[in-house]
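K.L.:
Here is what each chain is made of, one letter per residue.
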Amino acid sequence: AQSVTQPDIHITVSEGASLELRCNYSYGATPYLFWYVQSPGQGLQLLLKYFSGDTLVQGIKGFEAEFKRSQSSFNLRKPSVHWSDAAEYFCAVSASGTYKYIFGTGTRLKVLA
Amino acid sequence: DTGVSQNPRHKITKRGQNVTFRCDPISEHNRLYWYRQTLGQGPEFLTYFQNEAQLEKSRLLSDRFSAERPKGSFSTLEIQRTEQGDSAMYLCASSADWEETQYFGPGTRLLVL
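Chain order of the listed sequences is A and B. Using the numbering used here, you'd call the opening residue of the first sequence number 1 and step up by one each time. Using the numbering used here, you'd call the opening residue of the second sequence number 114 and step up by one each time.
Simulated from the structure, these hints should not be mistaken for laboratory data. Some clues are possibly wrong.
SDA-like cross-link-like pairs, simulated, lysine to any residue; straight-line CA separation at most 20 Å [to be verified]:
no.	chain 1	residue 1	chain 2	residue 2
1	B	LYS170	A	GLN2
2	A	LYS100	B	ARG172
3	B	LYS124	B	GLY198
4	A	LYS110	A	LYS68
5	A	LYS100	B	LEU168
6	A	LYS100	B	GLN163
7	B	LYS170	A	ASP54
8	A	LYS100	A	GLN2
9	B	LYS184	B	GLY198
10	B	LYS124	A	GLN42
11	A	LYS100	B	GLU169
12	A	LYS100	B	SER179
13	A	LYS100	B	ALA209
14	A	LYS49	A	GLU66
15	B	LYS170	A	TYR99
16	B	LYS170	A	ALA1
17	A	LYS49	A	LYS110
18	A	LYS68	A	ASP54
19	A	LYS61	A	LYS110
20	B	LYS170	A	LYS49
21	A	LYS110	B	PRO183
22	A	LYS110	A	GLU15
23	A	LYS100	B	GLU165
24	A	LYS61	B	GLU196
25	A	LYS100	A	GLU15
26	A	LYS100	B	LYS124
27	A	LYS100	B	SER171
What follows is a set of in silico ranges between Cβ atoms, one per label pair, in the way DEER data are often shown [unchecked claim]:
no.	chain 1	residue 1	chain 2	residue 2	range
28	A	THR30	B	GLU196	37 to 43 Å
29	A	ALA29	B	GLN197	35 to 41 Å
30	B	GLN197	A	SER52	39 to 45 Å
31	B	ARG128	A	GLN58	46 to 52 Å
32	A	GLY53	B	LEU224	42 to 48 Å
33	B	ILE125	A	GLN58	40 to 46 Å
34	B	ILE125	A	ASP8	28 to 34 Å
35	B	PHE187	A	ASP8	34 to 40 Å
The C-beta atom is built at its ideal place from N, Cα and C for all residues, glycine as well.
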């Protein structure tokens, strides 16, 4: 069955520190991959996406993610975290033609001043 | 374009009452999706429309749930005889025919007392 795993439920980092959020997926073929961010009580904002091509993708707000087929991973990174990055982050996958997303359970990021 | 909008943003109801939520997608988007997000979880797919046709429904969408998109523009999600387990955030998303990326609205948070 298709699934997405975000192993870290909570992560705390200091402002200015680097960040890596993990995402592993289980899928029959190469999926389309997404990272979304959700602030409290809000909807989801797209950070970045991977469909094909260069495995390192750049997104908004200084985020990037790397697709590693051999590890079935799509980890999100940011070199220097800002206090405003505190939110919940969701990894999602879909396959061409299926239209629906499968989301992970999310990682809640806390940023210390 | 202001993006996907959802109304109401919050709804409190008593068990057994019916509720209806509305979603207005981005104007040129033919595809519309509903997801449900419970506390501490990622969004789960409920249903999907291509124009006015409802093409897929999740097993999560019980008989008490019905979704419509009568003119291929806005959509409504109705829950009949609400139960406390229906308390969740209901998210709507839309996408264009030519892309896989879904754009999410701010959600409607339902609390069933």
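K.L.:
Please work out if LYS110/A and GLU15/A have their alpha carbons no farther apart than 20 Å.
P.N.:
holds (9 Å)
K.L.:
What's the verdict on LYS100/A and SER179/B, does the C-alpha distance respect the 20 Å limit or exceed it?
P.N.:
holds (18 Å)
K.L.:
Check whether the Cα positions of LYS110/A and PRO183/B lie no farther apart than 20 Å.
P.N.:
Cα-Cα ~43 Å, so violated.
K.L.:
Is the hinted pair LYS170/B and TYR99/A satisfied, with a Cα-Cα distance of at most 20 Å?
P.N.:
Holds, at roughly 12 Å.
K.L.:
For a C-alpha distance cap of 20 Å, please report whether LYS110/A and LYS68/A respect it.
P.N.:
Given pair LYS110/A, LYS68/A is violated - Cα atoms ~26 Å apart, limit 20 Å.
K.L.:
Is it true that the CA of LYS100/A sits at most 20 Å from the CA of GLU15/A?
P.N.:
violated (35 Å)
K.L.:
Does the alpha-carbon distance linking LYS124/B and GLY198/B stay inside the 20 Å limit?
P.N.:
holds (14 Å)
K.L.:
For a C-alpha distance cap of 20 Å, please report whether LYS170/B and ASP54/A respect it.
P.N.:
violated (34 Å)
K.L.:
Are LYS170/B and GLN2/A close enough, with their CA atoms no more than 20 Å apart?
P.N.:
At roughly 17 Å apart (the allowed maximum being 20 Å), GLN2/A and LYS170/B satisfy the hint.
K.L.:
Need the status of pair LYS100/A, LEU168/B: alpha-carbon distance at most 20 Å?
P.N.:
Holds, at about 11 Å.
K.L.:
Please work out if LYS100/A and SER171/B have their alpha carbons no farther apart than 20 Å.
P.N.:
holds (10 Å)
K.L.:
Mind checking the alpha carbons of LYS100/A and ALA209/B for me, to see if they're no more than 20 Å apart?
P.N.:
Given pair LYS100/A, ALA209/B holds - Cα atoms ~13 Å apart, limit 20 Å.
Consistency note: the structure conflicts with the earlier hints numbered 4, 7, 9, 17, 20, 21, 24, 25 and 26.
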